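Trainee: Using the sequences plus the hints, can you model the full thing?
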Amino acid sequence: MLEYVKSYLTSSQTPGAAGNMFWVLVYILLIFTGLAIAVMLMTWLERKVLAHMQVRLGPMRVGPHGLLQPIADSLKLLLKEDIMPAEADSFIFWIAPFIVVLAAFTVFVVVPFGPTHAITDMNIGILFMLGVSSLSVLGIVMAGWASNSHYPLIGALRSSAQMVSYEVAMGLAVVSAVLMTSLNATGTGTLSMIGIVQAQQAQGEWFIFKFFPLGLIAFFIFAVAMVAETNRAPFDLAEAESELTAGFHTEYSGFRWSLFFLSEYTAMIAVSSIAVTLWLGGWLRPFPNLLNGAIWDKAFSFLPGIAFLFLAAMCFYNTVRMPKHPLFRVQTIGLAVFGVFLGLVGLVLFVPAVSIRVQDIFWFAAKVAGFMYLYIWYRGTFPRYRFDQLMQMGWKVLLPMGLGVLILTASVALLQQKLWHP
Amino acid sequence: MLIGGILVITRKNPVHSALALIVTLLAQASIYLMLYAPFVAGVQIILYAGGIMVLFLFVIMLVSIDRVQKERQFNSQWVVGIIAATALGGLFMAVYTKGKDIFPEHALPMVENDNTQRIATMLYGQYMFAFEIASLLLLVAIIGAVVMAKKKI
Amino acid sequence: MESMLHITTLHYLVLGAALFLLGVIGVLTRRNVVIVLMSIELILNAVNLNLVAFSRMWGGLHGQVFAIFVITDAAAEAAVGLGILIAFFRNKETVNIDEVNLLKW
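For the record, the sequence lines run as chains S, C and H.
Per the numbering used here, the very first residue in the first sequence carries number -19; after that it's consecutive.
Per the numbering used here, the very first residue in the second sequence carries number 30; after that it's consecutive.
Per the numbering used here, the very first residue in the third sequence carries number 11; after that it's consecutive.
If you're looking for bench data, these hints aren't it; they were derived computationally from the structure.
The structure displayed is predicted, hence computed values, not measured ones.
Even for Gly, the Cβ is constructed at its ideal location relative to N, Cα and C.
Check before you lean on any hint, since a few could be wrong.
[Unchecked claim] With the Cβ distance kept under 8 Å, some of the chain C side facing chain H (calculated, not the full set):
1) L91
2) W107
3) G110
4) A114
5) L117
6) G119
7) A170
[As the list claims (entries may be wrong)] Each computed DSS-like pair below joins lysine-lysine, with the alpha-carbon atoms no more than 30 Å apart:
8) S:K28 <-> S:K60
9) C:K127 <-> H:K102
10) S:K376 <-> C:K180
11) S:K28 <-> S:K304
12) C:K179 <-> H:K102
13) C:K129 <-> H:K102
14) S:K278 <-> S:K304
15) S:K376 <-> C:K179
[Said to hold, decoys possible] Among the chain S residues that face chain C by a calculated CB cut under 8 Å, a handful are:
16) I17
17) N103
18) L107
19) F108
20) L110
21) V112
22) V121
23) I134
24) L137
25) L171
Mentor: Written out as structure tokens, the structure is:
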């Protein structure tokens, strides 16, 4: 038994490929826990960043600077009364949030956090991710139908029409990125996520900079389509409060609504990780080829620790700036303890044994976190699109642009293959 | 998969039938994985379960708004239908019991690492003409569906 | 007991035949036009299963390529069929297949 567990530690494959069920379960638990923590952090971050963009403070009361606000929110949602509309189809009403959550979480089976840090590495990885994320449309349609009232139905139909339209643009952008993986000696590309990042490593540049500006335009198309796919601002007509009274999840309350919420944030993280893997080089550190060599590797390996120490320093700075009133004593002590915790994590990350293993995951998480910040930035900055403008943009602007990028990328790639590897 | 199929043809509510069909299609995708066909499984999930079923659900919502499904659910020729289906079932059983011995016990093991690449080579090489015809067919289908469902031509 | 554990091609073919039968029963006996169209999709899936099972038996990939073409065709046909259904529903306000009798003498 112990041999079974230890036999994986020296292999160079993902646990799914190596067939080691114990480590597969460990990875699944780790990813699930990590996602839950990430979603809770996202709710806090969204409220704080949006508030600061609107020159106000956001939640400040619950914990120091509102850090315990997500816990308060989830407690409230768990304890709320569970209402089901009278004439609703109870089986479909019950199963719809379940399907959306399932589709959002199953995507993470193939997300590569490192060369061996994925649950498994299917050789149709990117196809699987696109397919499973299109299953969440079904859940939304069923949620709107089962609620048996006008607003959810219209909201669900609008939302699913929007998601299906932008899936086409997403697919074209993904195809033009996968095309770039075939620029090697044998001329065969790959659909597996780990293979795509390894192709970027072998070709020496991230795909966003390849065949400038084609990679950039493909990335731009995918970035716009992924914001529309997850029903986020500025494409959130179907679920914004001022439009359709919260759209397809109007009739859901308490825990079921929090499942929709959870799946929305998880879908955001999922499509961001697709974008990071395909265009931004996955787990590779910045400048993998321009600044290569052992010294630069060592310098970049200090960055995880430095990042956490910087966060700890910010915590201590804010502790000093807290009001010196006896009622604030608990919050001040809490913030100081949090700062100490972050500092300890940063110090642990300086140890080379830990840093080598965690480095890939850190760079991947840092890039996905950048995308999350972009999502919140879009929400705070852009006005909302009207529904017909939304559909017009999906079909009349992004689709022709995607086709053009695909044809141009294919021609340039063919030219390069003929010239360099005849 | 069989339970899903039975549920498709026996539920009164068409939305329940659509759900059962989605379950059947997903089970079919996993059977394709067992048959060493990962690309076909991926295509099945994206196109069938994620595309065609959404289309069906949209049309069910547009068409059955009255949601009065309290009528009978079997049509007026169901006796003939059951007899014809029984005859077909008998034919199938006759064929399978006669031809049971021509299938090998252990099928050839197929490798699936480069399944997508080999399908692509075949699709763009040997079946190029069929590929172009399929795209023409899809164009015709799009134009046909739009013309059919428009309010004023 | 040994031979019961091997899933040969025959098992897949029997499963495909059973699905086909269910689809045929659905097409011939249901009243709701949408459910008839869904049974047609069941029939096409059964055919695909047969194709891919035979492709595995012979070791070539022709069956899988043809299965992809069948899926594409099924999508096109579902779209056109549902378009016809919507056009019909707009005139007659019913989805009952027994009412589709404009050509009856």
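Trainee: Each of the hints needs a verdict: does it hold here or not?
Mentor: Hints, verified against the model:
no. : hint              : verdict
1   : L91               : holds, 7 Å
2   : W107              : holds, 4 Å
3   : G110              : holds, 3 Å
4   : A114              : holds, 5 Å
5   : L117              : holds, 6 Å
6   : G119              : violated, 10 Å
7   : A170              : holds, 4 Å
8   : S:K28 <-> S:K60   : holds, 24 Å
9   : C:K127 <-> H:K102 : violated, 49 Å
10  : S:K376 <-> C:K180 : holds, 22 Å
11  : S:K28 <-> S:K304  : holds, 23 Å
12  : C:K179 <-> H:K102 : holds, 16 Å
13  : C:K129 <-> H:K102 : violated, 50 Å
14  : S:K278 <-> S:K304 : violated, 42 Å
15  : S:K376 <-> C:K179 : holds, 19 Å
16  : I17               : violated, 29 Å
17  : N103              : holds, 6 Å
18  : L107              : holds, 4 Å
19  : F108              : holds, 6 Å
20  : L110              : holds, 6 Å
21  : V112              : holds, 7 Å
22  : V121              : holds, 5 Å
23  : I134              : violated, 10 Å
24  : L137              : holds, 7 Å
25  : L171              : holds, 6 Å
Violated hints, in rising order: 6, 9, 13, 14, 16, 23; the structure is consistent with all others.
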